[in-house]
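A.B. asks: Mind docking chain B on chain A? Use the hints.
Protein chains: 2
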Amino acid sequence: MVPNLVTALTGPINELEQRLLESMPAIERWFRLEWMEHTPTFYCSVDLRNAGYKLAPVATDLFPAGFNHLTPQMLPLAVQAAMAAIEKICPEAKNLLLVPCAHCDSASYLEHLQRLVQVFTQAGLNVRLGSADPDLDAPQTLRSATGEALVIEPLQRHRTRLGLKDFDPCTILLNDDLRAGVPRVLQNLYEQYLLPPLHASWATRRKSHHFHSYEEVAKKFAKLMGMDPWLINPMSAHCGQVEAGSDAGLECVRSHCEALLARQRRKFKEYGIAERPFVVVKADAGGMGAGVLTVRDVRELDAARLQRALARPPGQEPGVSEVIIQEGVPTCERIDEAMAEPVVCTIDRYVVGGYYRVLAGRASDESLQAPETRYVSLDFAESPMLPARGARPGASAPNRFYMYGVIGRLAMLAAAYELEATDPEAEDYD
Amino acid sequence: MVPNLVTALTGPINELEQRLLESMPAIERWFRLEWMEHTPTFYCSVDLRNAGYKLAPVATDLFPAGFNHLTPQMLPLAVQAAMAAIEKICPEAKNLLLVPCAHCDSASYLEHLQRLVQVFTQAGLNVRLGSADPDLDAPQTLRSATGEALVIEPLQRHRTRLGLKDFDPCTILLNDDLRAGVPRVLQNLYEQYLLPPLHASWATRRKSHHFHSYEEVAKKFAKLMGMDPWLINPMSAHCGQVEAGSDAGLECVRSHCEALLARQRRKFKEYGIAERPFVVVKADAGGMGAGVLTVRDVRELDAARLQRALARPPGQEPGVSEVIIQEGVPTCERIDEAMAEPVVCTIDRYVVGGYYRVLAGRASDESLQAPETRYVSLDFAESPMLPARGARPGASAPNRFYMYGVIGRLAMLAAAYELEATDPEAEDYD
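From first to last, the protein sequence lines are chains A and B. First residue of the first sequence? That's 1 in the working numbering, and the numbers climb one at a time after it. First residue of the second sequence? That's 1001 in the working numbering, and the numbers climb one at a time after it.
Take these hints with a grain of salt, some might be off.
A short list of chain B residues far from chain A (calculated; beta carbon distances all over 12 angstroms) [said to hold, decoys possible]: (1) 1136; (2) 1204; (3) 1237; (4) 1259; (5) 1308; (6) 1330; (7) 1357; (8) 1375.
Subject to a maximum C-alpha distance of 20 angstroms in a straight line, what follows is the list of computed EDC-like cross-link-like pairs (lysine to aspartate or glutamate) [unchecked claim]: (9) A:223 x A:37; (10) B:1223 x A:92; (11) B:1088 x A:37; (12) A:88 x B:1087.
No lab work stands behind these hints, which were simulated from the structure alone. Every value quoted in this text rests on a predicted model; they were computed, and no experiment measured them. Note that the Cβ used here is the ideal one computed from N, Cα and C, for glycine as well.
In isolation and in its complexed conformation, chain A is listed as follows (with noise of 0.2 angstroms):
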């Protein structure tokens, strides 16, 4: 399938395209010096959403599942980009163990495994795939629509080292984001590189953390740029005690709304944007399941919405008791009338791809994460990949994509960013 990018690209001229166009190589010199500083994570998707008058990531996985959706045209340089990882964590390496995410099992998902062994096995690995079911006895045999066949086998824990049936592996990669706590499998390993790194699964993971980082990231290339942080920045904030019932938690949660919406309006008076302000309010912890609450008027808000926008599906017990509250950012392109956000994947510092996620008869400010979601990988068969610098703004996908790129790079070193902060390990090397 080729996707009409066209239509999702004819939005509003965005100055901010030819600026990062114009300013490329800077760009690029600045995150080289970021990477001498800070650890890439080893790999990652933002998702983004392009507002017209400002585009900003809404969500930071570190535990990637769509490189299904990228297309083959883009693969090699996912293939090159794992071989520069591998290089610099463990360049002796023979073997990969991936540890897939125990809660998933869908069509989409088993192709998504067979991507990430696909690319590994051509970076220069043996690649297995080991899961921490205690259930799983002996390998399983899971087949994709295709038919190719993915063999999962149980894990192996000898003292320190985890591995796979005669499979000692140097590096263990997680697909896993561990929302429902580490396994005792995953514990303690030192002798072997566990990526990403345990702090980074949604067990201890905070979106506010995110977020902070992101604002300090989006500062320091705003200062770069000349540009107003605040086109790439969603603003947000947050509240530690939001147990059902506790008005403090909900005074909170009105306050920074409040606060927020408050902010909006000044900068949409600003910048002249003819658009009525929303605010986001979601459980702090990652995770799909819990709901997220669109707010416009703080006077809509109250205990028992909250708590149902909040509440975790059965079985999911407790409810979330932290939240983050931040700017709505809505979403102007479409592909065919549909909503369309774009995702860019990464492996270690550079751009592998990226997709939209397309979902029809949904408005601008919801979330687009459902089942009827559908992927459309971002397919530059027609067009050369690489951007042209002289072109209109909004005329080129490659410029587009370009400008996709540069801020999904700086989400994910936003991440790098917010795993040093937050890795339980650190005062260890002061």
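C.D. replies: Coordinates of chain B only, in the frame set by chain A:
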């Protein structure tokens, strides 16, 4: 233009392709370990010949000039590889000075230069072009066939540093093979990175050194693969004193031709190859212009023929005195009935693409280095870019290209060995 690659790929099934694909993780790991010990050439292009019974490099160009033949789809790979290269050499670099070939002014070469500028700009560098031509005293604007402008400025030497007016680069990228000698302006630069180093230029480089290193690399690789190195190695020999009228020189060439033809006959018998062996005799110093002499029977070889073949064009006296005698490798690949030879391009340790040199009306044992040569991108738009490990050998363009990429990288690794062995400053670091 979409080349009819299928035609080029329906040669005899190549066992080598299958073996390389099956061993992909081991091969990539082997390269990773080699790059821990050796420094890849900054960029490179390798001409290959696929004889059906063997696949061998026939020329390793450390000043490649055909990047314009890479498909636009492959360019992000080149940008990513350039980022990796710059990051290692000079991560804080802002500026790159590109010194183009002084005697190359074809439309194709200008497109190649534009491509290089594009790749390194997008990798995050301000790129400007400088000429060592002493007659150039003001910036000169050249226009490519597509109307794009390239400005070439006079080089400025300030004591130990080389630059342009108001332009002080960290790295100087040479794209001139300096066959006519090293201009003074490029000598004794110790504060900046000059890449490739001067001893990679044809002012001093010798093909025989390269193929000596390649033989070493091919043997190591063949040992890893448990195969006969002859399948990837063109046998060669060297004569150092072949001045016009020298009987000893003619005798040296003749005896090596005889020996190589005999060794080929034994190999053909061993593998049941129904071909007539031949050898080629060419100047050991590089640069086009000098001829190539094909010998099938040493009785054909006399002093007059040898001198005629090796005479330099007028103005490039003196004539050749050192020659390399090499096993002839015919090409069995065809695109639309025309002979085709694959060329693999690398930046840093990465294969960034390739193309076919195609010439109709040539015999399979002749050189394709001629003005009428046309170039066809290796375009994989119709097929998944990544090798399919299960596919029938020869049936998959990406599979065939993986094999080309491996042999291309072996030749590039050989160039790394060669440059270490011939480094005039190596003893300083002992």
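A.B. asks: Determine which of the earlier numbered hints do not hold for this structure and return their numbers in increasing order.
C.D. replies: none
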